[in-house]
Structure formats: C-alpha cells, structure tokens
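Colleague: One line per chain: the protein sequences are A and B, in this order. Under this note's numbering, the first residue of the first sequence is numbered 10, with each subsequent residue one higher. Under this note's numbering, the first residue of the second sequence is numbered 27, with each subsequent residue one higher.
Please note that a few of the clues may not be correct.
The list that follows gives simulated cross-link-like pairs (lysine to any residue, SDA-like), each with its CA atoms no further than 25 Å apart [stated by the list, open to error]:
{"no.": "1", "chain 1": "A", "residue 1": "Lys81", "chain 2": "B", "residue 2": "Arg253"}
{"no.": "2", "chain 1": "A", "residue 1": "Lys81", "chain 2": "B", "residue 2": "Asn258"}
{"no.": "3", "chain 1": "A", "residue 1": "Lys81", "chain 2": "B", "residue 2": "Phe363"}
From the structure, some residues in chain A lie toward chain B, with a derived Cβ separation under 8 Å [claimed, not checked]:
{"no.": "4", "residue": "Pro84"}
{"no.": "5", "residue": "Leu91"}
{"no.": "6", "residue": "Asn103"}
{"no.": "7", "residue": "Leu104"}
{"no.": "8", "residue": "Ala105"}
{"no.": "9", "residue": "Asp107"}
{"no.": "10", "residue": "Leu108"}
{"no.": "11", "residue": "Ala112"}
{"no.": "12", "residue": "Leu116"}
{"no.": "13", "residue": "Gly117"}
{"no.": "14", "residue": "Glu119"}
{"no.": "15", "residue": "Leu123"}
{"no.": "16", "residue": "Gly125"}
{"no.": "17", "residue": "Leu150"}
{"no.": "18", "residue": "Phe196"}
Read the hints as simulated data drawn from the structure, not as lab findings. Please read all numbers here as calculations on a predicted model, not as lab measurements. No residue lacks a Cβ here, since even glycine has one placed at the ideal position from N, Cα and C.
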Amino acid sequence: MAHTNDSPLLVMSGISKSFGATQALSNVDLELRAGEVHALIGENGAGKSTLMKILAGVHRADRGAMSVAGRKFAPDRPVAALRAGVAMIHQELNLAPDLTVEANVLLGQERIALGGFLQRRAHRDIASNALAPLGGGEIPLDVPVAQLSIARQQVVEIARALASEARVIVFDEPTSSLTEEDTAHLFQVIDQLRDRGLSIVYISHFLEEVAQVADTYTVLRDGCVVDHGRLPDTDLDHIVRQMVGRELDELFPKVPHEAGEPLLELDALCGDPMPEDVNLTVHRGEIFGLAGLVGAGRSELLRCIFGLDRTPSGTAHVSGRGRVAGGARSSIARGLGLVSEDRKSEGLAVELSIADNLTLSALGSYTRGGLLSLSARDQSVRQWLDRINIKAQRPAQAIGELSGGNQQKVAIARLLHQQADILLFDEPTRGIDIGTKAEIYRLIGQLAADGRAIVMVSSYLPELLNVCDRIGVMCRGRLREVRAAKAWTPEDIMHVATGREVAA
Amino acid sequence: MSEGTNTSSAQAATQAAGRPTFEVVWSSLAPFIGLALVVLIFVVYQWLVTPERPFLSQYRMTLIAKQTAIVGMGALGMTVIIISGGIDLSAGSLLAVTSVVLAVSLRAGIDPVVCVLLVLAVGMASGLINGLLITGLRLVPFIVTLGTMMAFRGVAEIVSDNKKVSYQDAPNWLSTLLNAPPEGSYQGVATGVWIVLALALLLAIMLRYTVFGRYVFAIGSSEATARLCGVNVPGMKLTVYTLGGLFMAVAGIFAFANLGSQGSPTEGVGLELSIIAAVVIGGGSLSGGRGSVLGSLLGALMMTTLESGCGYAGVSTAIQRVIVGLIIVGAVAVDQFVHAQRR
Ligand SMILES: Nc1ncnc2c1ncn2[C@@H]1O[C@H](COP(=O)(O)OP(=O)(O)OP(=O)(O)O)[C@@H](O)[C@H]1O
Ligand SMILES: [Mg+2]
C-alpha cells in the first residue's frame, strides 16, 4: 500500500479499555504523522500509559483499531509491536540488572551468527552507536546496569529503542530521572529522530518541556480525549485547564509557617563514600531544600540521615530523642520518615495492596491484642486516599495496578500516616501531574505549619525555590552552601552545583 | 556548567569501570579460594596428625573424582536453571529414575547404546514435564519440583519394583565410566570426568556466547524485561528444564556405573541439595541472574573433597553435616557481603 508523507503513519481510533470496574480509556482517537512529535498530556491516572501500552502490545484494547503505515496493526505481545516498528520506553525502568549495558541495549534484537552465537563486535558497534547520541558515549559497555545511576540506566533503555530501528517510539515520562543536561541531550536526540522521519509520542508532566519538544498534543482526562491540536498555536494555560478540568489557581500555594526550635542536627555526617562532612540544623516548621546535580550525594545524604546507609563518622541527632543509629527501625521510632527516589525497588512493595503499603511502617496502631484490625485499617486508608486524592478502586487493590503518579502518592501518604516528625522527601513530585503537585506543595506547607521539619531533594528548581525556606546546594558529596531560598537564583544554584565559585 | 558536569560524569564512569573488575575477580576467585582452603585444612591435618597416610592419595583422588562427576554433572544443569531464576528439587529423584530405567532396559536385552539413548530421552522428558508444569500452570518452580521430586521417586520404585536392579553384563564402556584409567594410559582421569569437563566447556560457551545463554541470564535477572523485549520466556524455561533433565540423565548413567552396574530406586536422596549447594557456593544466586559453570564445578569439587576429607580425618557424618551446612551459609554470606559493598 502506498504511504505518502501527509497520510498519518500511526492511527488509533475508537480505543476503549477497562480494568475491571475502572474505565481506563473510552473511545480514544490518536493520529501521528512521520516526523511528528506528539505530546500526550493528562493527570495521573488519565490513561496515558494505558493507551501507549495498547500501542506497544502490552495490553489489548477492548474495542478500537490501529494501523501503522496504512497496515492493520493489532499486536498481541510487545515483540509483535517491536517487529512492526513500535518501541516503548516505559515509565518504570525495564532493564535486566545483572546483564551488561551492551546486553541490555541489544536484548531481544541480538545479531546471531550460525549456531546461535552472538556477534559480539556488531553488538558493541550497535550499542555504542545507540548510546553515543544520547550522551552516553562514556558509559562502559561491559558493566552490569545495576551499577549505573538511574539516569544512566534510563539512557540505556532509550538506547535500546534506538537500536531497534523503530519507526514509532513512545517515551513515557523519560525525563523524570534525568538531569537538565541529560534532558537537553534527549531533546537533541528527539529532534534528530524527527528529522529522520520517525514519529514520537512523548508523555510528560513538565509542560515547559512539552512545549519545547512537541509539535502536536492530545489531552486525556479520565480516559477521554478532551482536547488536541498544534502546540505552537496553543498556550499552556489552556492545556492545563483542559487537563485539570478547572482553573488551577496556584501551582505553589503558600501556607504560612514559621521556623521554631532546632529538630534535626547533623554534625560532620559522613557516608561511604558520600556524603562528606555535612553540618546542618533543620528546625521545626521549616522546609529545607537540597539542590545539586544527579550524583552529587543528595539521596545518599537522606539515606545516611535515615540510617539506611553506613555512616563511618559524624552523627545525626534528633532533638529530644537522641542520636539516630542502627537502621530504619530506630529512625522511625525517632520520628524520621523517608520517601525514597526509586519507588519501584525501594519505596513500595508492588505485589501488596494499597492498604498494606500505606500502613506497613505503622501497623502497630491497628493491632488489638496482637491481632490486626483490618476494618479499622481500611477505614483510615480510605480517608488517606481521599485526603490526597489517590485514584484507586479500593484499599485492597494491588499497588502495581495504580498509575505511576498515584503510586508515588501512596508512598508519601505512608509517611504522613506514620506521623513522622522529620520528613525526608527524595524527588517527591517525580511523575506527578500539575494539579497534584500543587496539592502536594500545599500538603508540605501544611506539615511545616504543624511544626514538622521537612528535608526535600529535588532536581526541579522552580519547586525548590518556591516551596522551601532554605536551600542547600550539594556538589560531589559536600554541602557547599546554604542560603535562604529568597537569596538564591537558579543561576547561582547551578554555579555552586557544578563546583564553580559564585561571583560575590 | 558543562565543564563541571563532564568531570563528574567522567568520574562516575571510571568508578563504574573500576568496581566490577574487583567483583569479577572476586566472583571467579572465590570458589578457588574455598576449594584451596578445604584442601589445605586436610593437608595440614595430615602433616600434624597422620603423616604416614597422605590425604591426596591416588585412591582418595579417584574417589573424589567419581563423586564429583555425579554431583558436578547435576550441577551443570542446575546452574542453568538457577541462573534463569528457577530451581529443581526433583534432580535427586530423577537420578534414581534414570539409573533404574537404564538397568531395567539393559536386563530386557535391549542394545546398550539404545538403552543409553532411552535414558537420555527419559531425562529430557522428565525435565520437560517440570517445565510444562511451571510455564503451563504458572506455578513456582519450587512447588512444582517439590511435587515431581516425590512423584519421580515413586516412578523409580515402580519401575524397579522397589529393589536394586543389577545387570552384570553391561559393556565395559558403560560399567567403567567412572573407573580410573589403567596404569600408563594417556587418559589420565576417568571417561566420566572427561565427559563432565567437555559438557562443562560446551555449556560455558553456550552461556557466554550464544543468544540462549544471554536469554537465560535475562530471564533470571528480570523476567518482565525479558518478556517486554520479546524473549520467548515460556519456550526458554521449557528448554532450560529439559536441559536440566538431560544432565541429570547423564548423572544417572554415572550413578549406575558407580554402583557397580546397578540401578537403585533409593539412590540420590538429598542429592539435589548438594547440587544446589554446589551451584550456590560457586556464585549462583537463588534469585536468578548470576552463576557460572566453572564456579559450580568447583563448588561440587569442594563439597566432595570436604566429604571425603571428613572421612579421612575420622569426623563423624553428623559433624560433617554441620560443617557442610555452615559452609553453605558462610559462602553465601561472604558473597553477599562483597556484593553489598558496591551499593
Ligand atoms: N493493570 C491494571 N489493572 C487495573 N487498573 C489499571 C491497570 N493499569 C492501569 N489501571 C488504571 O487505569 C487508569 C489509567 O492508568 P494509567 O497508568 O494509564 O495512567 P497515566 O495517565 O499513565 O498516569 P500517570 O501520569 O500517573 O502515569 C488508572 O486509574 C489506573 O489505576
Ligand atoms: Mg503513566
């Protein structure tokens, strides 16, 4: 069949899908031309990932039809989609941690010589060619991916899609764990791919990014298409309105709060090998932000404070409750709580229910004479689901069935539920939509107003600058400089974060 | 800005490149070190207590080689299964099944070569049954093979009428598989040992250089990822368990030779645990994704050396079991400690 440049490369029409009682998608249409970057926008749980998983052969649609280059397309398995030229980079990383970088890039597309032997040289070439344009040129090919940082792991996964020579590539929130520099690289790559005539679907909650990279967009709300169009002709406020379904008054709602007495004191705290020699006092009613590049030791600092990592020297001291020593149990007892950055492997038990995940760290409060009172627990879980607007069917639902953003909300809800006094947030709004971000900022402000102390790591500078009272910038394991948030500019932060001196 | 970031990413790269070398060196050396330690202990014992009786005598080495050939053969198949994230508890029972099938079919007057082929087919079919139950019913390998462990044992008892079956007219090449070669021959070690070494080499090459091997590691490391990338996961699992059955059949033939041309329905009780232990001591991870052929063989050699050494030093079997148990836990603990260091 003849395929011309202006007929769409990919057509999805009338796609519907339900999971039990949840109607994830109803009657969704989407068209994509060759050389077009299409943004898929919507709140957490709007159905973006589900739509793309249908395209990538992970789920099957209940109704609707798809075609690629004029040919009917109904993949029943991911590999069928891959063969037809559709590759997807999933929201949660999908890598085999024990395999090397090279093996992961080529997984499922090995070049095979007679007798099933791998063509190692060809593999190395393909892998390095796929990695190089992503700025992953110096990633060693022979290292198990488990040893790479999350950002680099993501680069490896994107490289896999490039190596597959797909015609349609779906990026499901690819930048949520990338640095600004890596993101810029990624956008260059996407531009190159567009020039080569590939079609890209791009899912992101960062609308600035979307405006920068995409040509066209579709907004999903509750599984329906509510708006679509060309991006240069549309202003972002309009998109946000469509997405949220109402006016969003303010992204950074201000909750008045005031710093009180010191609550958490770090004295020359050292980790192995990071952080180095961190001195810091965080007060009740204070929101303290940690800025820095990926790999600067911010997450490690939180882990050391929480007692997850070894601290060869130095102390973390909670006023009135003594020194933190000996792992998470004692930290929780001292009122510390941590939402870790890697929710899939550390934050949540994917096989367990929402209720289990939410109450895991404070189950004690539901026991009567050693037995668990499930009804009391479910009731309080329901309250939490309402309170921070988690989109779920019921407390007993498996957490793996929630959309990515809603999983993150459960992780945060757990801390609130265990009534931690000092909350350590590692990238708390990663993968969370704008409306919910505002809610979470309000929640954080509220917590500070209640007299709790918050330490929050973020790579999203506007968030740090608007939410925090003080910001410390880390570089290569050291806390370089702490100032009131008002005294920082984004440029200053980047200067310090990259290890240069700031001109006074 | 880019200048600063580049240095930090370059640092990260050298770190990433620097650490695995230590790990790689460690994981390939650890089983050697373990084995050397075990040998050393008994050599020191000999030197201190019984200088007149050498530990590494011809006799003892032959004994160790025989036993290692059987455990090692099983460990080859188990290595693949464990790397793929599975486990096979039915290995010991399958050894009994294949040894009695061999004896019974030989007694029925079937040509020995055909008998051997038959036994290999029985082993593969049994492995295939494990694989089909695991992939078809989506059951955990532990449960499936726990079930077939009992079932296969029962089959061995039925086939043999619950008695040892002996066949003294077995051809030489079969009955002397594990015997030391005659004085002055160039062969050096028993044919069975050569077979183990050859198959080990073949398997190691397959695991390292073929798609098959890569998919085995991929499935064990992350089954979901492998599936997303188009790896035929059920097909791979069927192959892996069938291969495991094949290796156990060869081990069963060895056992027949080792018992003096006898098949026994009670042979190999608990053998699966020694085999699993050998794989784990050799660096295999029960959560999948890690393991090596060489490591498993060394693990098997270490286990049998230890056993034989305990006999030599007059340590009771009870104490011997305690020691073996401690060593298994210790080996895994040390290995985990090393791996934890990198995080
Ligand atoms: N496997 C599943 N079983 C049951 N429900 C599911 C499953 N996958 C998704 N859902 C539901 O379908 C809806 C859409 O989810 P989806 O993951 O597509 O959202 P999303 O738009 O990608 O959100 P996010 O921005 O948070 O990633 C949600 O309500 C989710 O709970
Ligand atoms: Mg999603």
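Colleague: Each hint needs a verdict: does it hold in this structure or not?
Modeller: Here's how the hints hold up against the structure:
no.	hint	verdict
1	A:Lys81 with B:Arg253	holds (23 Å)
2	A:Lys81 with B:Asn258	holds (24 Å)
3	A:Lys81 with B:Phe363	violated (53 Å)
4	Pro84	violated (11 Å)
5	Leu91	holds (6 Å)
6	Asn103	holds (5 Å)
7	Leu104	holds (6 Å)
8	Ala105	holds (4 Å)
9	Asp107	holds (3 Å)
10	Leu108	holds (6 Å)
11	Ala112	holds (6 Å)
12	Leu116	holds (4 Å)
13	Gly117	holds (3 Å)
14	Glu119	holds (5 Å)
15	Leu123	violated (11 Å)
16	Gly125	holds (4 Å)
17	Leu150	violated (10 Å)
18	Phe196	violated (15 Å)
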